[in-house]
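Undergrad: What follows is the residue order along each chain.
There are 2 protein chains.
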Amino acid sequence: MADVAERAGVSTMTVSRALKKGSPISDETRRRIMAAVDELGYVLDQTAGTLSSKRSGFVATLIPSINNSNFSDTVRGISEAIEGSGLQLLLGRTDYLVEKEETLLESMLTRRPEGILLTGGSHTPRSRRLLESAGIPIIETWDLPEKPIEHVVGFSNAAATRALVHDLFARGYRNIGFIGGTSNRDTRGADRRVGYSQAIAELGLGQSRIISFGSPPISMEQGGEAIVQLVTQWPEVDAAICVSDLSAFGALMECHRRGWAVPDRIAIAGFGDFEVSRCSHPRLTTVSVDAVEIGRTAGHLLLRAIEARREGRLAPPETSMMPFRVIQREST
Amino acid sequence: MADVAERAGVSTMTVSRALKKGSPISDETRRRIMAAVDELGYVLDQTAGTLSSKRSGFVATLIPSINNSNFSDTVRGISEAIEGSGLQLLLGRTDYLVEKEETLLESMLTRRPEGILLTGGSHTPRSRRLLESAGIPIIETWDLPEKPIEHVVGFSNAAATRALVHDLFARGYRNIGFIGGTSNRDTRGADRRVGYSQAIAELGLGQSRIISFGSPPISMEQGGEAIVQLVTQWPEVDAAICVSDLSAFGALMECHRRGWAVPDRIAIAGFGDFEVSRCSHPRLTTVSVDAVEIGRTAGHLLLRAIEARREGRLAPPETSMMPFRVIQREST
DNA sequence: CTGTTAGCGCATTCAA
DNA sequence: TTGAATGCGCTAACAG
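Chains A and B supply the protein sequences, listed in that same order.
In terms of UniProt numbering, the first sequence opens at residue 1 and continues consecutively.
In terms of UniProt numbering, the second sequence opens at residue 1 and continues consecutively.
Some clues are possibly wrong.
[To be verified] The calculated BS3-like cross-link candidates involving lysine-lysine, where the alpha carbons are at most 30 angstroms apart (straight line), are:
| id | chain 1 | residue 1 | chain 2 | residue 2 |
| --- | --- | --- | --- | --- |
| 1 | B | 20 | A | 54 |
| 2 | B | 147 | B | 100 |
| 3 | A | 21 | B | 54 |
| 4 | A | 100 | B | 20 |
| 5 | A | 147 | A | 100 |
| 6 | A | 21 | B | 20 |
| 7 | B | 54 | A | 100 |
| 8 | A | 54 | A | 100 |
| 9 | B | 21 | B | 54 |
| 10 | B | 54 | A | 20 |
| 11 | A | 54 | B | 100 |
| 12 | A | 21 | A | 54 |
| 13 | B | 54 | A | 147 |
| 14 | B | 54 | B | 20 |
| 15 | B | 100 | A | 20 |
| 16 | B | 21 | A | 100 |
| 17 | B | 54 | B | 100 |
| 18 | B | 147 | A | 54 |
| 19 | A | 20 | A | 54 |
Hints listed in this document are in silico derivations from the structure and should not be mistaken for laboratory results.
Small disclaimer: the values here were computed from a predicted structure and weren't measured.
Use the sequences and the hints to build the structure in full.
TA: Listed below in structure tokens is the structure:
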């Protein structure tokens, strides 16, 4: 920056201002400085800027998996929301593990992010402590935690799955099974299972029929194996709800292979409205949540909260309930 | 850090050493320091560390899309490779646009990454300049650029697609069509189309039958519309190669819907060996590339190159050819 | 194994 | 609209 300043015949402070929009500087000076920047191939060092201004320009975002269109759509929404604000995403993948979330959090906090976006409301005690004492806005998404850390942009996975069961019930299905993963690692998956059981109970459908297969997130292939297990164990099942569209699709294809007509022999429903569920034959009934909108809403909320802190205010904790919708398609 | 030092009765330098593995420090001193760190809830500020040590600990990675299992698998491979090295990924999404790549590059360079991993070998002139003068290791992946910037870990998309056409030819198909996007934005997609045309020519199959549909990356749904267009325009086609498994899957489902038997009426092949192609019914013929391995190889290469620069050496440019494999399945 | 000195490259703050 | 002095929080380099 000193070299640029010398070449342009100004002080480094003026160069600093020229490189930041919104600073008072004359057009002519800026022009000269930009020319010098170009000639020298100068690239600003944000590291030094961060140290000096106490603003990193980072927003930490933790998602379970980057190759899941629900979460990557949310990341897209966040990106869109913060575009132009000068903030940069620091993305981390937890692999659906709260322990990995904790490790990532520790490492990300050393970069002094100005805000944190989390997926889900389950965290290790240490993570909670780190988050609560970080002194920056925190947003939990894709869930409705009992005890939110601060802000929330989400919905109840249990309620959404209950709605799906009720919908199937209204269409005449009485022997409804559920396919999910073997552990509670994926807490959203676990909540969906809880919602299923609640609905079965409140509709007086008697026994729950749950197949737990594979460690979450359960794959298409595992969905296929699970549906066979479900039908073998309870031949009377007339509908299967899968924890996500991926396993639902796998189940659907396995039914094709075995000549089980969908939905006549067995109906199949998923969760998440993935592209594959809109395209499969038959198209899959699912629960749709606007993942991009979750990201956008969370991103805007975060921007406001960061803005508030910069001005010394404190935005009050806010919870945004996102709508979900059961989409009936040909598979039920 | 000064607070921690005071509480532990040491200098800040000793605290700094205690927090970094590989530094000479007595167990007792480290224990005292760690206790102080815990009690105070101290979190190291890597920003200051970066400024002082001239090592950011960042590796910039640019991929076209984060919701594409090929690229997210590669990111996973990179993560695995750099795990434990203390490096952190700075991930950017180009949306298949070289212009966006340029913008991202500029913004990432201000964070002083220690290495850069790019997808593909096409860049704007300004991007090339930025990369060449960055003074850090650069790796291009998923491609075999004519004029590599430095290191390469990839394969020829054209050669892979040629191999697929030859394979179909060997199985008796003579009227083979190609489905891809409308522009050359997706350069890997464009290379695949080139490979298709080369193969058609060298096999003496006469005319090329190419449907360009939708702007890349082309979706499942667009694949479905494109196959209808292909069959309408050239009713004699007996096989369709799609630019990726996603469009191939959409095409397959559309065939189901219209009662076109696959592969008897028309064979379908994709590219990329996505999960959906292994699970669909019939299973999709495709070209498989080990995306995770591309990431791992690139990650390890980058680590070596970074290590070399830290020691003042310069790793010679290296090109790793990754293997691809045509996988014949039930759809052809 | 530990401490001291110095400085990384900027932006804040204040003055002009 | 511009400049000077100062310090952000840490680590390199060297000394002991």
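Undergrad: Could you run down the list of hints and mark each one as holding or not?
TA: So, going through the hints one by one against the coordinates:
1. Only pairs whose Cα atoms come within 30 angstroms are accepted, and residue 20 (chain B) paired with residue 54 (chain A) is accepted, the gap being roughly 23 angstroms.
2. Simply put, residue 147 (chain B) and residue 100 (chain B) have alpha-carbon atoms about 21 angstroms apart, close enough for the 30 angstroms limit, and the pair holds.
3. Restraint check for residue 21 (chain A) and residue 54 (chain B): satisfied, since their Cα atoms lie roughly 27 angstroms apart, inside the 30 angstroms limit.
4. Between residue 100 (chain A) and residue 20 (chain B) the alpha-carbon distance is near 20 angstroms, which keeps this suggested pair within the 30 angstroms criterion.
5. Between residue 147 (chain A) and residue 100 (chain A) the alpha-carbon distance is near 21 angstroms, which keeps this suggested pair within the 30 angstroms criterion.
6. Annotation: proposed proximity of residue 21 (chain A) to residue 20 (chain B) is violated, straight-line Cα distance about 38 angstroms (limit 30 angstroms).
7. Between residue 54 (chain B) and residue 100 (chain A), the direct Cα distance comes to roughly 28 angstroms. Compliance with the 30 angstroms bound is thereby established for this hinted pair.
8. Of the pairs offered as hints, the one joining residue 54 (chain A) and residue 100 (chain A) holds, with about 27 angstroms between alpha carbons and a cut-off of 30 angstroms not exceeded.
9. With a C-alpha separation of about 18 angstroms, the suggested pairing of residue 21 (chain B) with residue 54 (chain B) holds against the 30 angstroms cut-off.
10. A threshold of 30 angstroms between alpha carbons decides the hint, and for residue 54 (chain B) with residue 20 (chain A) the separation of about 23 angstroms falls inside it, so the pair holds.
11. Pair hint residue 54 (chain A) plus residue 100 (chain B) holds up; C-alpha atoms about 28 angstroms apart against a cutoff of 30 angstroms.
12. Restraint check for residue 21 (chain A) and residue 54 (chain A): the C-alpha separation of about 18 angstroms stays at or below 30 angstroms, so the hint holds.
13. For the given pair, residue 54 (chain B) sits about 41 angstroms from residue 147 (chain A) by alpha-carbon distance, which is inconsistent with the 30 angstroms threshold.
14. A distance of roughly 15 angstroms separates the Cα atoms of residue 54 (chain B) and residue 20 (chain B); the hinted pair therefore holds under the 30 angstroms criterion.
15. For the hint linking residue 100 (chain B) to residue 20 (chain A), the alpha-carbon distance of about 20 angstroms falls within 30 angstroms, and the restraint holds.
16. This hinted pair checks out: residue 21 (chain B) and residue 100 (chain A) have alpha carbons roughly 20 angstroms apart, not beyond 30 angstroms.
17. In summary, the hint linking residue 54 (chain B) to residue 100 (chain B) is supported, as the alpha carbons are separated by about 27 angstroms, within the 30 angstroms threshold.
18. For the suggested pair residue 147 (chain B) and residue 54 (chain A), the alpha carbons sit about 41 angstroms apart, so the restraint of at most 30 angstroms is broken.
19. For the hint pairing residue 20 (chain A) with residue 54 (chain A), the CA-to-CA distance comes to about 16 angstroms; that is within 30 angstroms, so the pair holds.
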